[in-house]
Amino acid sequence: MKGISGPLVLSIFTTCFGSSFLLGYNLGVANLPGDNIKRFLVGYYKPDNTSGLDANFLYGQTTSVLVICAAIAAFTCGWIADGLGRKRSLMMNNVVGIVGSIISSVCLVANQPALLYFGRAISGLNSGLSIGVAAMFLTEIAPRHLRGMIGACNQLAITIGILISYVLTLTHLLNTPTLWPVAMGVGAIPAAVALVISFFTVESPRWLYLKKKDEEAARKAFAHINGSENVDMFIAEMREELEVAQNQPEFKFVELFRRRDLRMPVILAVLIQVMQQLSGINAVVANSSEMLKGANVSSDMLEYFVVGLGLLNVICTIVALPLLEKAGRRTLLLWPTLVLALTLLLLVIFVNIANNDGVVNKMPFILVSAVLVFIYVAAFAMGLGPMPALIVAEIFRQGPRAAAYSLSQSIQWACNLIVVASFPSLNGLLKGYVYLPYLVVVVVCWVVFFLFMPETKNRTFDEVARDLAFGSIVVGKRTAALQSPVFTKEDEEAATALRRTDDDSKVDA
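In terms of the working numbering, the sequence shown is residues 1 to 509.
Worth flagging that the hints you see were computed from the coordinates, not collected in a lab.
Any given hint could turn out to be false.
27 Å max Cα-Cα, derived DSSO-like pairs, lysine-lysine [as the list claims (entries may be wrong)]: (1) K252 - K212; (2) K362 - K431; (3) K362 - K326; (4) K252 - K213; (5) K362 - K38.
A quick note: this is a predicted structure, and the numbers were derived from the prediction, not measured.
All chains should be built: construct the whole structure from the sequences, respecting the hints.
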């Protein structure tokens, strides 16, 4: 494929395997062994007279502590990536991933549940850093015409990590009372492999030029990973972006909320993470498993159902990769998400029928609901799965990009925590209507993206940033074929003057 070199493939593999894959693996590895983990925790903390609620609470903390620590780490990923560089940040995070996996794996041998919680907390720090830094690095090293496909490899690796964790924790493999900690320790392998290979990869050329101001190093790095591309054209593009940045003071995190030209990009960056997590992907999968369990489906069949969902997620993400460059980001964000919303509505209908005591034969409705879950996962994998990290990278210039990632990724993990913490209560309160809150969130966010999200395919970061600076409605104005920016340099100068006027008025006040 044009634009793909050996060093570029090596950088993509190292980033995806050591960061994104491990993130997905850590998200899924505690799912199927849940009963064995509960027995271990209950046997240590409350060996006698323990209710199911106590067991579920103790087990739930293994996920909660990971998500909380991931949210904290995600908030710092921008500063770490800017300070250390993308490559060294990933290498440092590989070490964190190795430590977290090893600590979790020895909890049973040491008979110390605290080690499981502590290891999961460290793995959470690894996960929070991974999703932001990896997405930034992949987007910055990718040739422009392959940026969507390479950026989406991040999500593909996450889905593969989830699938492998499901397969390894099947009952006849590592999901036993003594072997489940081994599955926790397996996570150290991809992190260690990536750490070693990273010594033979290069730093992001964009970071070298725009942050370190090292043109020679940027030229060498770009030529190494993009040998067929025009280095002078790349440097010219970077020089123009640097000139724009130098006319402004050094970017500070608080400017994400103060600058008018960043208002719409920030809104989109936050809402796309809210829409991804509050679409209820985790809740839908969890509730479908409980629904099948209530229909007396065997535990083995439940395991294969979960693995099937994971496999479908991987396949549909692979299908989405070339479509990102053909159909464009906006198209793949909007229309699969619309299918997802319709699926949620149908799930409300069929799950309520299946839960109705007046229905004698519930199995057909349960099976239809299970099929709808597969359609839902396919729609998620085609749109909301790969899109957030890619879009956040493409709607900001180099200056605010790291800070925007910190904000959006912390919002993502916070929303993940909200779903994890609220779903049991919502499910008990709303029963078959539990999907309605997720449907409302998806519809509201979808309308915002339909109105304001421009196409970013085959366009420079600078062009997209100009389009979004005034937050204009883009319906009918921006298509994949329209390459010239709506927001011109003259408009940008006017926006800069407007910001200065705002700053002067604040000083006078």
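Broken hints, by number: 3 and 5
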